Every structure is written in C-alpha cells, then in structure tokens.
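> Here are the chains, one letter per residue:
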Amino acid sequence: MAGTSLLNKDCTLCGRCLQACPLVKATAKEELSPRAKSFLVQAMEQDIAVLTTRRAEDLAALCLGCGRCGEVCPQGLAAPDLVAKLRAAHPGFEGWLWKTWIKGGSALWPAMARVSGLVPNSSTPGSRRGMIKALDGRTSLTPWLRITSMEPSEGYAGDKQAALFPGCFAGRTRPGWLAKARDILDQLGIAAPEGAKEPRWDCCGSTLGHAGLRKEEIKAHQHNVDIWRDLGRPLLVVVCASCGHGLKETALDRDIDWAEGEAEMWRESVVWLSSLIGSIHAELLDNAPEQVRYHSPCHARPQDPDKAFLARLLGERFSPGSDEACCGLGGVLQLAAPELSRSVAAQLWTAMAPTPGAQVLTGCSGCVLQLTATAPKNTAVGHWLEILA
Amino acid sequence: MSPSETSLSSSQESFLRGLFPGDDCLLEPEEKLIFGADAGRGYAPPLAVVRPCNQGQIVELLRFAHTEQIPIYPRARGTNVVGDCVPETPGIVVSTLKMNAVKAIDENDFVAVVEPGVVTSDLQAAAEAKKLFYPPDPASMRISTIGGNVATCAGGMRALKYGVTRDYVLGMTAVLPGGEVITTGGRAHKNVVGLDLTRLLVGSEGTLAFITELIIKLLPLPEATASLLVGYSSLEQALDAARDVFAAGILPACLELIAGQSIYCLGQVTDVPWPENTQAALLFRVDGSRRAVDADMDRLIEVIKTGSPSSLDQGRTPEAEEQLWEVRRMINPASFQAGPNKLADDIAVPRGALKEALTGVETICADIGLPVLNFGHLGDGNIHVNVMYDKAVPGQSDLATQAKEKILDLTLSLGGTVSGEHGIGLSKLHTVSKQIGETERGLMRHIKTAFDPHNIMNPGKAY
Ligand SMILES: Cc1cc2nc3c(=O)[nH]c(=O)nc-3n(C[C@H](O)[C@H](O)[C@H](O)COP(=O)(O)OP(=O)(O)OC[C@H]3O[C@@H](n4cnc5c(N)ncnc54)[C@H](O)[C@@H]3O)c2cc1C
Ligand code: SF4
Ligand code: SF4
Chain C
1 MAGTSLLNKD CTLCGRCLQA CPLVKATAKE ELSPRAKSFL VQAMEQDIAV LTTRRAEDLA
61 ALCLGCGRCG EVCPQGLAAP DLVAKLRAAH PGFEGWLWKT WIKGGSALWP AMARVSGLVP
121 NSSTPGSRRG MIKALDGRTS LTPWLRITSM EPSEGYAGDK QAALFPGCFA GRTRPGWLAK
181 ARDILDQLGI AAPEGAKEPR WDCCGSTLGH AGLRKEEIKA HQHNVDIWRD LGRPLLVVVC
241 ASCGHGLKET ALDRDIDWAE GEAEMWRESV VWLSSLIGSI HAELLDNAPE QVRYHSPCHA
301 RPQDPDKAFL ARLLGERFSP GSDEACCGLG GVLQLAAPEL SRSVAAQLWT AMAPTPGAQV
361 LTGCSGCVLQ LTATAPKNTA VGHWLEILA
Chain F
1 MSPSETSLSS SQESFLRGLF PGDDCLLEPE EKLIFGADAG RGYAPPLAVV RPCNQGQIVE
61 LLRFAHTEQI PIYPRARGTN VVGDCVPETP GIVVSTLKMN AVKAIDENDF VAVVEPGVVT
121 SDLQAAAEAK KLFYPPDPAS MRISTIGGNV ATCAGGMRAL KYGVTRDYVL GMTAVLPGGE
181 VITTGGRAHK NVVGLDLTRL LVGSEGTLAF ITELIIKLLP LPEATASLLV GYSSLEQALD
241 AARDVFAAGI LPACLELIAG QSIYCLGQVT DVPWPENTQA ALLFRVDGSR RAVDADMDRL
301 IEVIKTGSPS SLDQGRTPEA EEQLWEVRRM INPASFQAGP NKLADDIAVP RGALKEALTG
361 VETICADIGL PVLNFGHLGD GNIHVNVMYD KAVPGQSDLA TQAKEKILDL TLSLGGTVSG
421 EHGIGLSKLH TVSKQIGETE RGLMRHIKTA FDPHNIMNPG KAY
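Chains as they are written, first to last, in the working numbering: chain C, 1 to 389; chain F, 1 to 463.
Hints in this document: simulated from the structure, not taken from any laboratory. What you are looking at is a predicted structure, and each value in this text was computed from that prediction instead of being measured. Incorrect hints may have been included.
Stated by the list, open to error - DSSO-like, lysine-lysine: derived pairs with alpha carbons at most 27 Å apart: (1) F/Lys-355 to C/Lys-25; (2) F/Lys-32 to F/Lys-130; (3) F/Lys-161 to F/Lys-342; (4) C/Lys-160 to C/Lys-197; (5) F/Lys-448 to F/Lys-391; (6) C/Lys-25 to F/Lys-131; (7) F/Lys-217 to F/Lys-342; (8) F/Lys-391 to F/Lys-404; (9) C/Lys-197 to C/Lys-85; (10) F/Lys-448 to F/Lys-406; (11) C/Lys-9 to F/Lys-406; (12) C/Lys-9 to F/Lys-190; (13) C/Lys-25 to F/Lys-32; (14) F/Lys-130 to F/Lys-103; (15) C/Lys-377 to C/Lys-160; (16) C/Lys-9 to F/Lys-342; (17) C/Lys-219 to C/Lys-248; (18) C/Lys-9 to F/Lys-161; (19) F/Lys-32 to C/Lys-85; (20) C/Lys-248 to C/Lys-215; (21) F/Lys-355 to F/Lys-305; (22) F/Lys-305 to F/Lys-342; (23) F/Lys-130 to F/Lys-98; (24) C/Lys-215 to C/Lys-25; (25) F/Lys-406 to F/Lys-355; (26) F/Lys-161 to C/Lys-25; (27) F/Lys-391 to F/Lys-355; (28) F/Lys-130 to F/Lys-217; (29) C/Lys-25 to F/Lys-404.
Working from the sequences, and respecting the hints, build out all of it.
In structure tokens, the structure reads:
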C-alpha cells in the first residue's frame, strides 16, 4: 500500500506499542492502543473488514499525542502522525475548537468555557472547571530559591545570538515565566531581542498539526522560520517542552522552503533554557517545601534537560518520584473524551504519590495546565521557573 | 448456535451487556476490530468482545456460552505469532487485560499469586523488589502477559539453566465451560497427588479452560550476572566450543547462537565486535553471587580460549552486558536486510543433532535460492529459522513455503519438534499429524471433550 496509504509501513501487529501507551496503561482498553489505530487504518485501506469510516476514524483519533508508541515501534509507526493525517483528511468540530483554544489565547478562555458546554462529551463540569481555573495566570508558586551566581554551560558559552521563543501559553497567561527566563539569559550574558525588538512568533505548530489543521501548521512553521532567518538564525530558547518538540519537528516539514542543510541547522538551534545553564549556586528561602517531585513531559523524552538541571540545582530536596507517567492532557482528546484524559492523570498521581505539602515541578505548559487541574489537595504544581525568587 | 452463524441474537447481546456493563462489552465493528487479530497477522471478526474484571463474570460467561454453544476466545496481549487469538469460528473474545493484579509475592513460600493479565515483566519487577526471581524471559516479556505465557508455555533465553514457563507454575484456578471452577496444585513446591492437571493446562493454548489465577514459583534473585560474546570463523568451531563448555561442567544461564546470514545482516546495520571472516557467534550469560560469577567467567574464558575464537568481548557490568545483548536484539530488525518478508519457525532438535539441523537448513534454502537466518537458544537446541523472501517477486512466497515444509520435515527426521516455544495455533496446525501419532491425538481429543464437551474453548486450534 506504500504511496497511497496513511501508514508509512504496514503494522506487523507485534504488540510492542501496547506497553508504551499511557491510554492502554490507564484503561486496559486494547481498542485505544496504537496497534488498534494502525490496524483500523490498515483494515479500511486493505478492505480487511467492513467498517464505518467516520466511526473508525473517531476511534483511531483518540490519542494523547505523547509519541511514546513511535519510540518502540520497529516499523517506525507513530500514532500522532497517523492521527494528524486522519484529522487533516476530515477536520471536525473538535479540531476547530482546539484551534480556537490555542490560537485565541487568553482572550478566548471565557468563550472556551462557554463553547465547551456544547461539546457532546463534555459532561464533566468538575474537570472543566479545574482546567479553567488552571488557566488563571495568578495560580503560581511562591518563589523559594534565590540564585546567587551562574555561568553559561560549556557548549553555549561565547557570542552566540539567541531568541526566546515564548509559546502560546506562556506568552498569553504566564508572562512571569518569560520575565524570569529573560533574567536568566541576561545573567548568563546571552543576548536576545527584547521589548519592541521582540518578534511576533506564531504557535510552534505541533498542536495545530495534531488537531489535523495542516494548513495552519504550515503557516505557523513558515512564519517562525522566516523570523529566525531575519534574526540571523539564532538559538531558539524554549521554556516549554511541547514548544521545543514542536519547533524541532518543524525541521521535518517538507512544505517549508528549506535551503540545503538549513532544516538541520534549525533543529540544532532549538535549545531548552535549562541546558544553557552551567555551574549554578543558589540559596533556599524559608518557605522551601520539604519534598519536590518532578513530572517529565512526554515531549522532553528521552533525555529531559530540565530534570537533569533540577537534580543538579536542588540536590537532595529533589525526589522526582515515578515520573514515567504521561499527564494525559492530549490536545483534542481533552475535548473529545475528557474521561480518558482524567484516568491517565489519575494514574500519574497514584504513581507519583506526592506527600501533602509537596510541590510538583515540570517544564511544559500543557503539563502545568493538566497537572494543576487534576492535582490532589495540598499539592501545588508549577513550572520550575516559578520557584526562582 | 451453529458455527456458521455470524451474529449474536439481540437477547444474547443484551445478556453480555448486562454482565459486562459500559465499555466492557464491545459490539461495534470498529471497536471489536483489533480483537480479531494477533501477531500472527491473521484476522477474523469477533461477534463480541468482553472485558471481565473478576472471576465471577467469567463463571457466568462460560455458563452462558456453554448453554448457547458460542465459541470463547481468551485473549491477553495478542502477541502470539501463530493465530492463537483469531476467532476463525465466530465467537466472543475475552480480554484479560483488566484482570492484572499481583495478589501476593510471598518471600516465605517463594510464590507469587497473580491474575492472568499481569504483564510478565511487571511480575518480574514485583518479585525483584523483594529480592525474588521469576526466571522465564521470553523476548516478549515486556509486551506479553503471564496468562498468555502459561497458556503457550513460553520459553526464553534463560531456559538453558532455569527451564521454561511450565517449570514455574505450581497451581492455578480456572473456569470450565459450563461455569464450574477448578483449582489445581497449590503453594507446595512438590506435589505428586493425582494426574498433573496444572501441567496439562500449561501450553493448552486456551483450548481447555479459562485461567483466572496462577500460583507461580519464585527463586532467590541472583546477585550478579556477566556476559561473553565470542566470534568464530566457522559454525563447527562455535558448536565445538559450546560442547567444550558443557564438558567443562559449566552451565551458563543463557547460550545464544548467531549464525551465517544473521552475522552478515547484523554487520550491515550495526557495529559488530567480530572481524570480517566471522561465520558464527556465541553469546553466554552466567549468573549467581558476585564471586561465583567472576570465577565462572574466568573459567569460561579459559575454556573458550582453547577453541581459537576470532573475537572475544566480555561484559562484567550491567552497561557492558547491555552492549553485547543489544547485538542479539538487533537480529530481528537486521533480518530484513536479506528480504522484506519472512517465514519464521522455532524448531527444536535434540542437542546432539544441532549441527545436522543447522547445516541441513542452510542446504535446503541454498537449493531453493532463498536467504535464511539461523539464530536462537543453542543451549536447548531451539533454533529460530527465518526464511527471507520478497512477496512482490512472483513465485517467492511459494518457494518460501516449500523451504519451510522441508525444514519442518528435516526437524522431525532428526527427532525434533516443529515448535519449541511459540505453539501451534492455526498456522502450524497442519504439521501436528506429522509429529504426533493418531492414538496420541485421539487421547488429546478425549481430554478436550472431557473439559469442553461442546468444543467452545478456542475451537480449531493447537492439536
Ligand atoms: C516480538 C516478539 C517476541 C517474542 N518472543 C518470544 C519468546 O522469546 N519466547 C516465546 O515463547 N514466545 C515469544 N513470542 C510469542 C508470544 O509473546 C508468546 O506466545 C506469549 O506467551 C503470548 O502472550 P500474550 O499475553 O500476548 O497472549 P496472547 O497472544 O493474547 O494469547 C496466547 C494464547 O493464550 C491463551 N490465553 C491467554 N490468556 C488466557 C487465559 N487467561 N486462560 C486461558 N487461555 C489464555 C489465548 O487463548 C491464546 O491461545 C514473541 C512474540 C513477539 C511479538
Ligand atoms: S501517541 Fe501516546 S496516547 Fe497516542 S497512541 Fe501513541 S502512545 Fe498512545
Ligand atoms: S509496535 Fe508498530 S508494528 Fe508493532 S503493533 Fe505497534 S504499531 Fe504495529
């Protein structure tokens, strides 16, 4: 079927991906597995079974977009890729809604709250309320760590230009993160355009692509690449793992007018803020929590620079706990099947088991949103930047 | 219900919906789809899929299915490669994935009590947390379940020293068609009372009863392991070296062989530690206390050096071992260097017949003109034979099938078996009568009827 198929290769039904998938782990439902998704598409394309296209596609599209299946599949199949292609072929209401959510930013949150009541499956006002509350820019941790000195890390010392990529979420609802990130760049002596000189970046594109909004995705990619070129191809510094992942994926977009070798250069220019920091010294303030847990975002896998940085910075106070789980935010899935998203989150909290009063840090805006909305009582959640005084 | 019926009546459907509320009863074709297929890559549509959470539901289901004479297909992760989970005669697929509790790990009795849907590596991790050890290690241990492993009697690399799944099942609870519950064996590690129903159910491929709980034997966890990868310029040298190791009184935990085309294909995709002219390689692992492992490794190397190997790499730390085993794990992906499609068999022959089996397989495939990869568990005479071909090239599929049949005939002529660990399922059913006599098969049919008079448990499979 090569060429005409939505699958790059046949799924051999080996079953390796079941173990990787957070949806299967949380629900024990094999029909949600990556293998089931591949086989649904294969069965339609190869007339293996009589299926209703719409229902098959809706089922195949129930995916968190975490990408873990792609890490283990010997055929190189990844559900997010497949789901994006399916949605691109049949964009629906939920895709539109998600686009509204991401592109509209803060101004649209009240509208979101209203529209979400219209989504047929959103019979879960509790979690929805949690999510809306999590979007409130005022929910953030009280700082408890003061940096006394820091040096740029070895690989990045020197005169390399940089630009801070704000991301939709931080850009609109967590300006505090960006202020702290700029502060860190300043202290490291890494120059980045600020104020009026700051370019107007678009969305990193990944959420748009996953929602099947391919045209918007290309537009966002091209816009960002153009800015990067105008700035003289600087480092692209991110404070959100999903943005980092989305920017890196831009390099794979064949609809961008890449010059030879340029896509690779782009990919290498995407760096996590924490990976720019070399030696660092800090002092704890009185209000420092006893236990600091950490959630590793799926989009920072397999080697999460934030986690390594925090382990260095916080020493013994840092006890990440089981950070293998996915938070379950899952883009469009959040709107199509909120109960799935919730069971994945519930599983994360059981595995992580924070003690009362513990703080949970992470390095992805989507994870912050989902974890804040689902955290047990007495557990505060935030981006690691929030703890810095 | 007659086997040709392809749908359930509405009262049958509503019975299932009542017994398996909500999402635990699937009737839509899209949701049921994946439950009709397994890693053997065959497919047939299930009539319904149900997901029990407890034994009580299985009792009710088997009472119903027995009365209505509807086939029942136990299904775990569907990683078997022989079509064991494909509902060829339309029936109800029963997913065990919600029955996945580790009920006890008992360090006094050295047993685990588990539900069938527990993933095998989760059982191993739970045991290791208490310094206990569940040795069977099928390559699929992270992706398959203990229930599936028991029902297929899965083997693994450590079988040489520790045996296969069968050797670790002390007892079980299972539901018979009709709904009666049986218990076999128990927590005692020895037991000779009555016929051994536990062993009968192990490897029965879901054809006799539905397993709901297993009592698994555990061992103390070995303190350390170490590995050795050795290259040879001929297959004979490798086989002689394996013989010398046993003759010296060394019993490794694992002894894997990589031979012929497998060596070539690995060289195409990864950095291999052996020189160009290598034709075969042996991969050893020893385990035990730290001091015993060091002593065993020294002794092993001493013996190996008498056989003029072309390369010798040792791993005495987990990281160094990992690098050596990564080579072994790369064989499957590397195999496709020799052709886009494969016909895979897991033959086993008496140890003494290994040389004849391996050279015979090579000759058969050379004559037919298709590449073949031989590798596998040398220590137990269990060889994975992969005949590679390209189904897009006219005639090659038929040639591959011819090669496969000749290889199976050769295996039987050497006193071997057509399957050492993967089982029969659907895909090897036609070979059973070549290996097992009419009287013995007649006995098996009687046993099947005693358990399952209406032939509803995974019908048409295994024997
Ligand atoms: C990549 C890969 C590597 C593999 N490596 C090995 C290997 O090294 N060694 C090996 O032996 N096999 C191997 N296999 C084959 C496969 O993993 C094994 O056969 C495994 O035991 C199947 O387990 P499962 O949980 O997937 O069971 P399934 O495939 O779902 O079921 C297997 C059989 O068990 C029956 N069954 C399941 N649960 C029950 C129950 N509760 N009661 C009664 N019957 C039940 C089913 O009806 C079926 O007949 C491999 C497969 C793959 C894909
Ligand atoms: S992307 Fe994540 S949620 Fe989606 S199928 Fe793959 S592993 Fe499962
Ligand atoms: S790992 Fe890949 S090939 Fe294997 S079942 Fe999953 S999607 Fe199919």
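> Decide, hint by hint, whether the structure agrees.
Status of the hints after comparison with the structure:
{"no.": "1", "hint": "F/Lys-355 to C/Lys-25", "in the structure": "45 Å, violated"}
{"no.": "2", "hint": "F/Lys-32 to F/Lys-130", "in the structure": "39 Å, violated"}
{"no.": "3", "hint": "F/Lys-161 to F/Lys-342", "in the structure": "30 Å, violated"}
{"no.": "4", "hint": "C/Lys-160 to C/Lys-197", "in the structure": "18 Å, holds"}
{"no.": "5", "hint": "F/Lys-448 to F/Lys-391", "in the structure": "38 Å, violated"}
{"no.": "6", "hint": "C/Lys-25 to F/Lys-131", "in the structure": "26 Å, holds"}
{"no.": "7", "hint": "F/Lys-217 to F/Lys-342", "in the structure": "36 Å, violated"}
{"no.": "8", "hint": "F/Lys-391 to F/Lys-404", "in the structure": "15 Å, holds"}
{"no.": "9", "hint": "C/Lys-197 to C/Lys-85", "in the structure": "37 Å, violated"}
{"no.": "10", "hint": "F/Lys-448 to F/Lys-406", "in the structure": "30 Å, violated"}
{"no.": "11", "hint": "C/Lys-9 to F/Lys-406", "in the structure": "31 Å, violated"}
{"no.": "12", "hint": "C/Lys-9 to F/Lys-190", "in the structure": "50 Å, violated"}
{"no.": "13", "hint": "C/Lys-25 to F/Lys-32", "in the structure": "19 Å, holds"}
{"no.": "14", "hint": "F/Lys-130 to F/Lys-103", "in the structure": "14 Å, holds"}
{"no.": "15", "hint": "C/Lys-377 to C/Lys-160", "in the structure": "44 Å, violated"}
{"no.": "16", "hint": "C/Lys-9 to F/Lys-342", "in the structure": "16 Å, holds"}
{"no.": "17", "hint": "C/Lys-219 to C/Lys-248", "in the structure": "16 Å, holds"}
{"no.": "18", "hint": "C/Lys-9 to F/Lys-161", "in the structure": "39 Å, violated"}
{"no.": "19", "hint": "F/Lys-32 to C/Lys-85", "in the structure": "23 Å, holds"}
{"no.": "20", "hint": "C/Lys-248 to C/Lys-215", "in the structure": "18 Å, holds"}
{"no.": "21", "hint": "F/Lys-355 to F/Lys-305", "in the structure": "21 Å, holds"}
{"no.": "22", "hint": "F/Lys-305 to F/Lys-342", "in the structure": "36 Å, violated"}
{"no.": "23", "hint": "F/Lys-130 to F/Lys-98", "in the structure": "25 Å, holds"}
{"no.": "24", "hint": "C/Lys-215 to C/Lys-25", "in the structure": "33 Å, violated"}
{"no.": "25", "hint": "F/Lys-406 to F/Lys-355", "in the structure": "17 Å, holds"}
{"no.": "26", "hint": "F/Lys-161 to C/Lys-25", "in the structure": "33 Å, violated"}
{"no.": "27", "hint": "F/Lys-391 to F/Lys-355", "in the structure": "30 Å, violated"}
{"no.": "28", "hint": "F/Lys-130 to F/Lys-217", "in the structure": "14 Å, holds"}
{"no.": "29", "hint": "C/Lys-25 to F/Lys-404", "in the structure": "38 Å, violated"}
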